[in-house]
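Colleague: Construct the complete structure from the given sequences, taking the supplied hints into account.
2 protein chains.
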Amino acid sequence: MTTELKTGGQHGYLRIATEEAFATEEQLDAILRLVKEGRADKGTVSLWGFYGTSPSERTTFIRERLLDLGELRLAAMDEAGIDKAVLALTSPGVQSMFDLDEARGIAARANDHLAAACERHSDRFIGMTAICPQDAEWSAQELKRGKEELGFVGVQVNSHTHGHYLDEEQFDPILRACADMDIPLYIHPQGPPDEMIGGMVEAGLEGAIFGFAVETSYHALRLLTTGVFDRYPSLKLVLGHGCEGLPFWIDRFNYMFNAGVRSQRYDRLKPLQHSLHHYLRTNVWGTNSGLPSPASIKLMMEVMGEDRVLYAMDYPYQYVPDEVRLLDAIDISPEQKVKFFQTNAEALFGL
Amino acid sequence: MTTELKTGGQHGYLRIATEEAFATEEQLDAILRLVKEGRADKGTVSLWGFYGTSPSERTTFIRERLLDLGELRLAAMDEAGIDKAVLALTSPGVQSMFDLDEARGIAARANDHLAAACERHSDRFIGMTAICPQDAEWSAQELKRGKEELGFVGVQVNSHTHGHYLDEEQFDPILRACADMDIPLYIHPQGPPDEMIGGMVEAGLEGAIFGFAVETSYHALRLLTTGVFDRYPSLKLVLGHGCEGLPFWIDRFNYMFNAGVRSQRYDRLKPLQHSLHHYLRTNVWGTNSGLPSPASIKLMMEVMGEDRVLYAMDYPYQYVPDEVRLLDAIDISPEQKVKFFQTNAEALFGL
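Respectively, the protein sequence lines represent chains A and B.
Here numbering that gives the first Met the number 0 is used: the first residue of the first sequence is 0, the next is one more, and so on.
Here numbering that gives the first Met the number 0 is used: the first residue of the second sequence is 0, the next is one more, and so on.
Since the hints were made in silico from the structure, they are not lab data.
Some hints could be false.
To be verified - Straight line, CA to CA, 27 angstroms or less: simulated DSSO-like cross-link-like pairs of lysine-lysine:
(1) Lys143/A to Lys235/A
(2) Lys297/B to Lys297/A
(3) Lys5/B to Lys297/A
Modeller: Set out below in structure tokens:
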């Protein structure tokens, strides 16, 4: 396919890519230092030991593109016909770090850096706040600063924080801030924590190919099954990568959840106010980052509703303009295509 | 929905349920002994500590129904309009056991017991062989006995064996026997091994709701990514539960596999003769056990092809006649419905 991809919406819609990554030098330096010191978990060692040091064409491209919030990125967006990119600090953010002063500082400076780029290119770049879940109270304050001072439209949490998940009580200030300030919570993958990674690294399967989805769907399901959305009915959860498979599995989740609750199998699982379908269709949005797959996108729309499925590219990890061409041609209605590429993102993020 | 579900095919097809479970007393006794002695893994402790001892309505029903290969099962099949059931020894088979004499004996006697039931009810019951992967050479012999003497049409392996997977060299005799004798290999879930289960048990998520799919899709992906189907191009792999999500994810698997191979990220991942799509569409069949979901079934058909998607109920774990009514009404063509409920199973299992 060789037709030129144009920005500007002449074909009927703007293309807003909603899960696009950037990094800062000090973030990558800090993560690589942890890797070298043997203090990073296996997933981080595999991910950044590879992306941070490999001389391959793929990793060189990705490193260079992650660090750029200017001309390279804009040229790539132009080439792929992407009008706007919703940007977030790349996985694992600062969540692998142990020194909280350092972690908070790196997150805050990344936010300042991103805000400046969004101001320079206000017609192209949109920001999400980076936080440091290790310090939930600070993170709640940073969410306020991100929304009110920096103009950010959401927050990205890179799944587990040292093996802990947002349903745990210590993270409640983050969920409350998201709900109170109407900040969509995008849970982005990283590798599973050491106690869940098993032989995945040796198998070559702990990363984006497989382990990322295990980790992130597990995180989401922990939230869905423990009443988080009964406590915070307005909380908005966003998941990439085909909504991390949840729409495909929702009937099984719901059946087995109810069976477990009825037979009181687990202390942790109690009756909820609604079915798991309800939360998926009320509190969850899904993007197709890394999954430019018509069949999967159509399933998401059928199961979640066409107002809840958003386009994403996953630049620079998966920069393939032909995927945009493929999705331009997806067999959904023109109205659905406008929602998918443009207006669902505008509605969710308040653009 | 209250219309009567009839067997006999007057509505246009027989219903063949392809992932139906039974147990033997000595199998459950041996597993519960391991649980009591503290020698079973966390997944088995959770699964059989619950199903084996809970007094709840659900578990009492399931225990009674697993042990029955006679009137209760036939009555349930009649009530749900199931003409034929493909039966296999319930998870984890004998794969949690350490005493190989005992494990082999329990598997062999389960095979004899099942063969007798299939002979008594040859118009309703079809058998799959139980093996003891801990002893791969014995298992290959038992596969031969199952096929040639007992009339069985496949083999069920309940995913990992003490944390080991069928792509590992010690299990090669099993794969070779399946390929050489044209025996479909059904990989059925169990909980993830201890090194991969993390906090899933405490979260109530290690079982059929979530962990089963993590474990089984991991197992399948290990086979797909390591050239097993280049070594054995005729090998037939069957996966339940919506083909364990593989069709939803296949584009991402394939993209990230190729990216990893090109950049030589993992020693284990080498170029294959074909794309991962090819193996999914050539060597893999999927059933909808536990996933009576029109959207997911249609996605499976779109991605894998309509000749590779089979009906299953997952009796007695998920005995819901209304699910049969729902799938009778699924919006696929009449020809596709015949394939789904009947002829794909006949072709795959040589019925």
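Colleague: Next step is simple, just say for each hint if it's right about the structure.
Modeller: Verification of the supplied hints:
no. : hint                 : in the structure
1   : Lys143/A to Lys235/A : 16 angstroms, holds
2   : Lys297/B to Lys297/A : 10 angstroms, holds
3   : Lys5/B to Lys297/A   : 33 angstroms, violated
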